[in-house]
Amino acid sequence: MSDETPPSQIKVSEMTPESGAAMTDETALSAAISIRDLAKTFDGKEYVLRDLSLDIPKGKITVVIGYSGTGKSVLLKHILGLLKPTQGSIKVLGREITGMSTEQLTKLRHSFGMLFQYAALFDDMTAIENVLFPLREHRRELSQDQMIQIARARLREAGLDEKHYKKLPAEMSGGMRKRVGLARALALDPEIIVYDEPTTGLDPVLTEMVDNLIVSTHNLRKGTTSIVVSHDLYAAFRIGDHVVMLDSGRVLLHGTPQEFLDSDIDLVKRFVSKGVRKELHVHSEPSHSVE
Amino acid sequence: MSFATRYLETRERFNQAFDGFFLWLAMRFRVLVIEVGQLFEFALGGVRLFFTKPYRFDELIVHMEFIGNKSLGIILLSGLFTGMALAYQIFLGFRLVNAVSLVGPTVGLGITRELGPVLTGLIVSARAGGAMIARIGTMRVTEQIDALEVMGVNPIQYLVSPRIIAAVVVMPLLTGVFDFIAMVGCWVICIKLLDMDEAAFFDRTYLWLEPYHINEGLFKAAVFGLFFAVICTQRGYTTKGGAEGVGSATNRGVVLSMVMIIALDFFLTNFINMYYNIFGLHNGR
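Here the protein sequences line up with chains W and F, keeping their order. If you're matching positions, the first sequence starts at 1 in my numbering and goes up one per residue. If you're matching positions, the second sequence starts at 1001 in my numbering and goes up one per residue.
Hints were generated in silico from the structure; no laboratory data involved. On a predicted model such as this, the values are computed, not experimentally measured, just so you know. No residue lacks a Cβ here, since even glycine has one placed at the ideal position from N, Cα and C. None of the hints are false.
Distance condition first, Cα-Cα at most 25 Å in a straight line; then the derived PhoX-like pairs of lysine-lysine:
1) K91(W) - K77(W)
2) K84(W) - K107(W)
3) K1053(F) - K107(W)
4) K1240(F) - K45(W)
5) K222(W) - K60(W)
6) K107(W) - K222(W)
7) K1240(F) - K84(W)
8) K1240(F) - K77(W)
9) K77(W) - K45(W)
10) K84(W) - K58(W)
11) K222(W) - K58(W)
12) K58(W) - K91(W)
Short derived list, chain W residues pointing at chain F, Cβ under 8 Å:
13) L80
14) R109
15) H110
16) H138
Let the sequences and hints guide you as you build the complete structure.
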């Protein structure tokens, strides 16, 4: 495999004896994540999530939006298996996760890649070491050279210049850290990529850069499901195939960006009217043309 | 208002205050029991996971180097001056009763059984323990621990287990170094400065200081290592609230582990003496 190979085409599974991302017809047809009647309370009194049902379609970008404290992060933690629901069912890639053991959840999490709000890079590791970390943990059958090859490919895919590969996170800008965080999330060729508030606190130029990165990554990796949790409605409409709005722990509206604009629900109208409606040009069919 | 009414009112207020005090005491006790339980569970998980695959020997070496090698300088310096100061003080006291030949063994017993492990524990818990809390706490508040979990890496196994085992292994080694260098300090004071008889110094020390005295200190050091590492990693792991939270957790964790070492030393000394008495190892010393 040469350096000229397009980065997204260098797959970990190609270097391993067994393919890790094989899809059956059955799972291909179903939703990537299917949630039914999910409820969560921490103190037994107040419910953070209540009767939440949601299907996140496979191979699409779904953006979850909502005001602060509506349960977006709690929903995300449930999807990742970091929290156990009080009641309800969560199926990830066709497998029920609510009753899974820690070991089963650990294996399942290999299907996920996550970009954190502030990238959450390990600050004692360089950019390339951060990307090598999941490979060293979960692909021990690979040689060191193969791991480095994959890590470099992922960093190229995320758009990080080679001169920054040996920099520590403290020596990198916010945008560079996001790129490294994304490269690390992609290291194991995940089927589902989760972006937790990826543009919060960034300036408009960096926000656009991150949005473009999400879309280009999605376009390069056909069949990958992307979930973006965000406050940024403009970005949600710009990059999302589907938008889910949460309110008080429930799904207020789930639809295309156009359906949001046409909605008569008062809370949605108020959310949308915060300077977004007039600025938006929503494609009738989201094509992820942002590059 | 009649006397009886006032009496009843006063009694009622007293009862309420009394109930309130015991309620507060019960709540505090409940919190204490819960915290001790959580700490015990954390320690058990941390130790157990070290012996579970994937083994973290590389991490163990890194943390042994950090706790051990990087504490060596301060241990050498502290040990030397502790031995010198103790030797001089004991010399001043023993000179009054014409027993200066016992300065060596007295310093030896004091250092190996008490001061060596306790001072090493205090120094290492302040230096390495504080660093453990700050490091793990920062990882917690910057979502690095969440990132480990999402990547399918058990954070306790990766961050906590190697640190606990490293502290248990390294603390006796550092205590051994402290004991040795303190005795060197004692020798410098007694022989080179106070001009005592060198043969008597070594003879008496050899006669009175038994290997089990040294082992007692090394055992204490391992226990101190376990306790400070568990306390410090748990405080770091449960840090909340950003940079201020990390600072606060570091402060509380270091203070708690230092107090624990001093308190634990008392109980361990009694426990070890009990053990000596049961198994007849004491020899009256």
